[in-house]
Amino acid sequence: MIELPNPSDLIFYLIAAITVLSAAGVAFSRSIVYSALALLGALLGAAGLYLTLSADFVAVTQLLVYVGGVLVLILFAIMLTHRINVRRDTNPHTAAAMGALLFVGLGGLLGWVAWKAPWRLGEVTLGDRPLPGTSAEIGNLLLGHYLLPFEVASLLLLATLLGAVVVARKELKED
Amino acid sequence: MLTPGLPHFLIVGAALFALGTFTVVTRTNAVGILMGVELILNAANLNFVAFNHFNPGAVPGGGAPIHLGGQVFSLFVIVLAAAEAAVALAIVLAIYMNSRTIDVTEADTLRD
Chain B
131 MIELPNPSDL IFYLIAAITV LSAAGVAFSR SIVYSALALL GALLGAAGLY
181 LTLSADFVAV TQLLVYVGGV LVLILFAIML THRINVRRDT NPHTAAAMGA
231 LLFVGLGGLL GWVAWKAPWR LGEVTLGDRP LPGTSAEIGN LLLGHYLLPF
281 EVASLLLLAT LLGAVVVARK ELKED
Chain F
12 MLTPGLPHFL IVGAALFALG TFTVVTRTNA VGILMGVELI LNAANLNFVA
62 FNHFNPGAVP GGGAPIHLGG QVFSLFVIVL AAAEAAVALA IVLAIYMNSR
112 TIDVTEADTL RD
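Protein chains in written order, with this note's numbering: chain B, 131 to 305; chain F, 12 to 123.
It is worth saying that the hints were derived from the structure and are not from the lab.
One or more of the hints may lead you astray.
[Claimed, not checked] Derived coverage of chain F by chain B (criterion: at least 3 residues anywhere in the stretch with Cβ under 8 angstroms from a Cβ of chain B; other residues may be distant): (1) 46-59; (2) 82-94; (3) 106-119.
[Unchecked claim] Quick look at which bits of chain F chain B covers, simulated, 3 or more residues with Cβ under 8 angstroms: (4) 19-25; (5) 29-39.
Where a beta carbon is used, it is the ideal one built from N, C-alpha and C, also for glycine.
With the rest of the complex left out, here is chain F (with noise of 0.2 angstroms):
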């Protein structure tokens, strides 16, 4: 079992999976919050493009198969995690510039 096979690509995005959840449920700061979602993010990617080399899809309801799928949905998931870190990011930035901390536990003005 020691040449990698589907199952150990996949264990390395678990490990990937839970150390960024850790990251996002104990962070305080909120760019490292943000780091926690790159690193589900990225674990997400790695089980597409595992599964896309270890069995190369076909298309639902018939047709070709479409041999690259997993990639191709891994590269929109490239495209959406640099558009939710630049949104995160401009408003991290707003919250600093209103109240001088990106502390989380810190933003509570809608609190009561």
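Next comes chain B alone, as it looks inside the complex (with noise of 0.2 angstroms):
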């Protein structure tokens, strides 16, 4: 008998594929357009890689934060500074010999490390035991252990909206 591999190992596959070809896409595409659409797919593989890995709550806020956030902002960045002309190159290359060595090198050398490193790894079996949430065990890490990275992440936030309106907002012509 052939011996199946398992699903959910095909589907680490299927949703790993996905993610690394469309970041190549954003890597190599010749639009900006064809660029921000293969983000989409990295950032939606990357939440099906969080899910295979029981990350439940980080996924869904991958969700909406990246795709539903960043993505939208970093397409209407696109649509602002994009001039209408049909086929053009609007995503040049520069440097490609450069960037090439610096994937190959950077590449090579984390991927290596990742494969022959002796990582010790903890206990996961889970047993009977359905797999538990984890958005209440977050709540309670950030209301108790990093209180702190919250409230300061609540500060940034506050100071990136301010800098986000005053850098970008038209200058007051003097009359």
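With the hints as a guide, bring both chains together as one complex.
Now the structure itself:
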């Protein structure tokens, strides 16, 4: 009998392939809009990978904030700064040799370390328990052990809001 | 070695990181560079969540082990990425309103 691969393994490989291929689309696309749509694929794939790692709250937050916020913001910026011309190379490359060198070097080094390093793995068995949701525990941590970073993050968001508005507004004309 | 373990997720993260770095280094469109930075941040996030899944953490210095520290940290990374994208795009818009181009090779007013 041919041993069929585990379906959950196949799902991981499928989602990982979607993520990496979409990221390659971001890196190598000619048009900036194609890059943005490929970034959508990469972010969705990352959310799927978080789900395979049983991080449900992080996956949903990724969808809400990254896809629904950051990606929409990027698309707005593309549309606001895009010259209306049809088939032009709107996302050109420069210094491709240095980029390729960095790509191979960094990717190779990180991948080799990831594969060869003797990681100390913890105990990851569920047994018969149902998979616990992470939202309650993350809520406890955010209001407990991680309270200070949580509050500082809210201050940072306020500063970001003010900063973005001030930087991007039109200059007041002196009459 | 076919069942996805920790190295598999780390290799996906490494691929995302390398592609993001390639995007940052080679693009001349400012929004394209920003998209590369988002890829790099996603790679780091994937590493955090993967390590959290395969090695639930302990508190450095004693105390009850915090099993979701990696996920909480990745939430902060997402928040910071959104904030940084907002400010970076505000800067890109300001440059565009000033000089009608977002080609980073043409932003050389301070160069002698």
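Each hint, compared with the structure:
no.	hint	verdict
1	46-59	holds (count 7)
2	82-94	holds (count 11)
3	106-119	holds (count 4)
4	19-25	holds (count 7)
5	29-39	holds (count 10)
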